[in-house]
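Peer 1: The primary structure of each chain is shown beneath.
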Amino acid sequence: MTMYCGRWYERDERFIAAHHQPALLIDLLLARDISSHKILRGSGLFYDDILTGNHYLSPAQLQQLIINGRKLLPEEDLSFRWGDSLWPGHYGVFSQLLANAPDLARALQALVDFRHFLSPLLSPRIYQDERYCYVQWLDACGLQDERRFMVETAMTGLTATSRWLAQETLPWRYGFSYARPAQDEQYQVYLGPDLHFSVGVDVMMIEKHWLEKAWPRGSATAYQVALREAQPLIGREEATNGFNEAVYHYLTRQLRTPQSLPEVARAFAMSPATFKRKLQKHHCHFQQLQDQARLHVCLYLFHINGWTNEQVAHYLNFNDTTNFRRAFKRWSGLTPSDSKQRLLFA
Amino acid sequence: MFSTLFLHRRKLLLVFGLALASVVASVLVGDAKHWREIDWLDVLGEGGSAVAVAIWMLLILGSRPAGRVTDLLTLGLGFIFLAMWQDNLDEFIRIPAEQWWDAWLESVAMPVGIALLTYGLFHWHSEQLSINRQLAKRERLFREHRFIDGLTQLGRADYLKEQLQQHLNSTRPMTLMMVDINDFSSVNRRFGHREGDRLVREISELLLLNLRQSDLICRYAGDRFALLLPGTQGEAALQLAQELELAVQHFAFKHSQTGETLYQRISIGLTECRPGDQPAQSIERVNQALLTAQRQHGCFLAA
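As you go down the protein sequences, you meet chains A and B in turn.
Just so you know, the numbering used here puts 337 at position 337 of the first sequence, and the rest follows in order with no gaps.
Just so you know, the numbering used here puts 74 at position 74 of the second sequence, and the rest follows in order with no gaps.
None of these hints come from the bench; they were simulated from the model.
All the given hints hold, so there is nothing to weed out.
To give an idea of the interface, some chain A residues facing chain B are shown, with a C-beta separation under 8 angstroms as derived from the structure:
id: 1; residue: A31
id: 2; residue: Q188
id: 3; residue: P193
Heads up, the beta-carbon is just placed ideally off N, CA and C, and yes, glycines get one too.
Take the sequences, apply the hints, and build the full model.
Peer 2: In structure tokens, the structure reads:
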């Protein structure tokens, strides 16, 4: 058994600077004449706390702000408007890093390395194959119903930031784990025309030659300086994965030998009861994380490694492909061939 | 609602004051009925109707500015309320027959109230027709308040689809236009969302001013507007698009704090709606046309 050797953050840890991304969300609501006590209701926050500039929120508190915002402005564009000016933002050295990124590759690198400052609720991961670069968005610590909201925010954020820094619209393509919403107008206006729903994963993809194209606003020197300043801030001890994300990553790495809950609990140095309680606190079930990990690894092997059903079934220790197909359908709601078709964005 | 109600505090005081006065007067001159004499079914029916009428009156006052039509509607409902109220009091209190005002309140107030309400509704109808003329470019033949966008007070995409469906059923030629502000995201970035919101609202007013009475404008999403031009095709539609482009180009939007002028440009995609199209198909085509227009920084009519 392998121990999980990273650190993680939990829903109730206060590390999100209130005057950064949360303040931006609050401002969007204040601009529509909504009173601050309605916006902050149930979050345990006071507006004066935010103004002090040294108050920190937990992911759960930020999520409560999102829940309030969705209720107060039900017109469905709050997530997109928040995303539109989310990055580079005014978050000290991390924003400088993004704002000076000399190209897309290094902007993405900054976003991933400092994700728990720049995107604490929804975590970005980068994959590449010969032709494409993929940015996958993962639930860091139990978003539940606000997951779609955060996916909209993060994808709009990356789209708008890359457009602002590159000074041209990049040809991103978008895949969503959920079905096409009845109102998809915001998606078209804020993201673009290349939208693909029900593909099993929340992902943005772009052809790789865009990664290295120099950005007019970027400065390699300023980026290096900001990087040198930012690195000590995360330190070796700093948790960069949310709890759900940490378990998910552990599971994806141990996928060939199916893990039981007590085994994984041991890897996280916890008793099974404590581990279960933590999962519950983060609104997820062990089985659900395991299915998600398997589905995502399958998608990776299909699309990035270009493997066949037989190869993937064999890799995951399925006895035959029929069993594999059945299991895949349970995880994703689609057959492997349907899924391949959809993720090719054909 | 409460701020509007405050405008009408005198009328409300009058109606509820009279209701209270009639209670006091009845108690003074009449004597209470015995518990067993009260017909509870009548109390429920008449009392319930009186309460319902009072609620209607409050809803009307709470949603209308002051004016002649409001006065008539309130007075009409107020009299009807008083008549029902008095009728209901009789269930509890026996009033001697020589008290003329009791019978008067019951039998005269009701017809007077109904006459005033009828007269008020007639004027409300004329008022509504003139409001409809003002709203014509924002809504056509069909009203649904859930489809109104909170920022611009235009119809939203749902409303557009509804209208497109109705128009596609007729055989009249029609053009669908999609208007998008160029690089709007950077306005938000540089000047903040309040200025961005204000710009969207003012551009929507500007587009509205430049449309014909028969056209319809909706807010599609974000900084994108959809325009429906019935009976217009080809060159005529392009001509209209170019007029809109010029109008926005010359619009000197002022920053609310610094007074700095921010000039904007728009891109416009157009498509002709064909009979037999689904709304979603026309919208898809016009969004594609808009993408081409954005690349060319101008107008583009999709074939």
